[in-house]
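Full structure from sequences and hints, please.
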Amino acid sequence: MTKRSKAFNIKKGDTVKVIAGKDKGAEGKVISVLIDDQRVIVEGVNRVKKHEKVVNQGGGNTGGIVTTEAPIHVSNVMLVDGEGVTRVGFRREEATKTRADGSTYTVQRSVRVSRKTGKDI
1 MTKRSKAFNI KKGDTVKVIA GKDKGAEGKV ISVLIDDQRV IVEGVNRVKK HEKVVNQGGG
61 NTGGIVTTEA PIHVSNVMLV DGEGVTRVGF RREEATKTRA DGSTYTVQRS VRVSRKTGKD
121 I
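Mapping to UniProt numbering: the sequence shown position 58 is 58, numbers consecutive.
Everything labelled a hint here was simulated from the structure, so no lab data went into it. C-beta: ideal position from N, C-alpha, C; glycine also. A few of these clues could be false.
[What the hints assert, rightly or not] Simulated restraints on C-beta separations:
id: 1; residue 1: H73; residue 2: A100; range: 27 to 37 Å
id: 2; residue 1: R112; residue 2: D37; range: 19 to 29 Å
id: 3; residue 1: T62; residue 2: G84; range: 36 to 46 Å
id: 4; residue 1: G13; residue 2: D37; range: 17 to 27 Å
id: 5; residue 1: V80; residue 2: G102; range: 36 to 46 Å
Right, here's the structure in full:
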(Lines of atoms letter the chains of each structure in order from A and count residues from 1; the text may use other names and numbers.)
(Lines give C-alpha, C1' and ligand atoms only; values in the text may rest on other atoms or scores of the structure.)
Protein backbone atom coordinates (compact mmCIF):
# COMPACT_ATOMS: atom_id res chain seq x y z
CA MET A 1 0.00 0.00 0.00
CA THR A 2 1.41 3.39 -0.96
CA LYS A 3 0.89 6.44 1.18
CA ARG A 4 -0.89 9.39 -0.35
CA SER A 5 1.46 12.32 -0.87
CA LYS A 6 0.52 15.94 -0.32
CA ALA A 7 1.15 18.67 -2.89
CA PHE A 8 4.30 20.66 -2.26
CA ASN A 9 4.70 24.43 -2.17
CA ILE A 10 8.41 24.09 -3.02
CA LYS A 11 9.49 23.24 -6.56
CA LYS A 12 12.76 22.43 -8.28
CA GLY A 13 14.72 25.61 -9.01
CA ASP A 14 13.25 27.66 -6.13
CA THR A 15 15.56 29.50 -3.76
CA VAL A 16 14.87 28.45 -0.18
CA LYS A 17 16.16 29.27 3.30
CA VAL A 18 16.70 26.61 5.97
CA ILE A 19 14.70 27.50 9.09
CA ALA A 20 15.60 24.52 11.31
CA GLY A 21 18.44 22.08 11.82
CA LYS A 22 22.22 22.24 11.75
CA ASP A 23 22.27 24.43 8.61
CA LYS A 24 19.74 26.96 9.92
CA GLY A 25 19.99 30.28 8.07
CA ALA A 26 21.63 28.84 4.94
CA GLU A 27 20.11 29.64 1.55
CA GLY A 28 20.33 27.58 -1.60
CA LYS A 29 18.64 26.46 -4.78
CA VAL A 30 16.44 23.32 -4.77
CA ILE A 31 18.16 20.62 -6.83
CA SER A 32 15.39 18.01 -6.59
CA VAL A 33 12.13 17.27 -4.81
CA LEU A 34 11.42 13.82 -3.34
CA ILE A 35 7.62 13.85 -3.11
CA ASP A 36 7.12 10.39 -1.58
CA ASP A 37 9.61 11.10 1.23
CA GLN A 38 8.46 14.74 1.71
CA ARG A 39 12.05 15.93 1.33
CA VAL A 40 14.04 18.33 -0.85
CA ILE A 41 17.71 18.43 -1.79
CA VAL A 42 19.14 21.94 -1.50
CA GLU A 43 22.41 23.02 -3.08
CA GLY A 44 25.14 23.50 -0.46
CA VAL A 45 22.94 22.45 2.49
CA ASN A 46 23.13 19.27 4.63
CA ARG A 47 26.39 18.10 3.07
CA VAL A 48 27.49 14.58 3.95
CA LYS A 49 30.45 12.40 3.04
CA LYS A 50 29.82 9.18 1.14
CA HIS A 51 32.28 6.38 0.57
CA GLU A 52 32.06 5.24 -3.04
CA LYS A 53 33.49 2.07 -4.47
CA VAL A 54 35.81 2.20 -7.49
CA VAL A 55 34.05 1.11 -10.69
CA ASN A 56 36.33 0.44 -13.66
CA GLN A 57 33.69 -0.42 -16.25
CA GLY A 58 33.15 2.06 -19.08
CA GLY A 59 34.81 5.07 -17.44
CA GLY A 60 32.89 4.78 -14.18
CA ASN A 61 33.58 6.77 -11.03
CA THR A 62 37.02 6.86 -9.50
CA GLY A 63 35.73 6.07 -6.02
CA GLY A 64 36.90 7.44 -2.69
CA ILE A 65 35.18 9.81 -0.28
CA VAL A 66 32.69 12.11 -2.01
CA THR A 67 30.89 15.06 -0.41
CA THR A 68 27.27 15.44 -1.54
CA GLU A 69 23.98 16.99 -0.45
CA ALA A 70 21.56 14.86 1.56
CA PRO A 71 17.77 15.38 1.60
CA ILE A 72 16.19 17.72 4.15
CA HIS A 73 12.54 17.66 5.23
CA VAL A 74 10.34 20.15 3.39
CA SER A 75 9.02 21.58 6.68
CA ASN A 76 12.54 22.80 7.51
CA VAL A 77 12.76 25.17 4.51
CA MET A 78 10.89 28.33 3.46
CA LEU A 79 10.69 29.99 0.07
CA VAL A 80 12.80 33.14 -0.37
CA ASP A 81 10.88 36.07 -1.86
CA GLY A 82 12.80 39.30 -2.34
CA GLU A 83 14.89 39.90 0.78
CA GLY A 84 12.97 37.69 3.21
CA VAL A 85 11.10 34.42 3.38
CA THR A 86 7.42 33.95 2.71
CA ARG A 87 4.67 31.40 2.93
CA VAL A 88 3.07 30.20 -0.29
CA GLY A 89 -0.58 30.58 -1.23
CA PHE A 90 -2.50 29.62 -4.34
CA ARG A 91 -4.88 31.59 -6.54
CA ARG A 92 -7.15 30.17 -9.24
CA GLU A 93 -7.31 32.13 -12.48
CA GLU A 94 -9.00 31.52 -15.79
CA ALA A 95 -7.11 31.01 -19.03
CA THR A 96 -8.26 30.32 -22.57
CA LYS A 97 -6.88 27.44 -24.58
CA THR A 98 -7.25 26.65 -28.26
CA ARG A 99 -8.07 23.22 -29.63
CA ALA A 100 -6.55 21.76 -32.81
CA ASP A 101 -9.71 22.60 -34.77
CA GLY A 102 -9.45 26.29 -33.79
CA SER A 103 -12.20 26.46 -31.16
CA THR A 104 -11.38 27.92 -27.76
CA TYR A 105 -12.35 26.98 -24.22
CA THR A 106 -11.61 28.26 -20.71
CA VAL A 107 -9.68 26.38 -18.03
CA GLN A 108 -8.80 27.02 -14.39
CA ARG A 109 -5.10 27.35 -13.54
CA SER A 110 -3.54 27.36 -10.10
CA VAL A 111 -0.88 30.06 -9.57
CA ARG A 112 1.55 30.22 -6.65
CA VAL A 113 1.32 33.51 -4.76
CA SER A 114 3.53 35.06 -2.08
CA ARG A 115 1.55 35.47 1.14
CA LYS A 116 3.74 38.39 2.19
CA THR A 117 3.56 40.55 -0.95
CA GLY A 118 0.63 39.04 -2.85
CA LYS A 119 2.66 38.81 -6.04
CA ASP A 120 2.97 35.75 -8.29
CA ILE A 121 5.95 33.50 -7.69
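Hints, verified against the model:
Checked against the hint of 27 to 37 Å, the pair H73 and A100 fails, with Cβ atoms roughly 44 Å apart. With their beta carbons about 22 Å apart, R112 and D37 fall inside the hinted range of 19 to 29 Å. Between T62 and G84 the beta carbons are some 42 Å apart, a value that agrees with the proposed interval 36 to 46 Å. As the Cβ distance of G13 to D37 is approximately 19 Å, the hint placing it in 17 to 27 Å holds.
Checked against the hint of 36 to 46 Å, the C-beta distance between V80 and G102 comes to roughly 43 Å, which is consistent with it.
Hint violations for this structure: number 1 only, all remaining hints satisfied.
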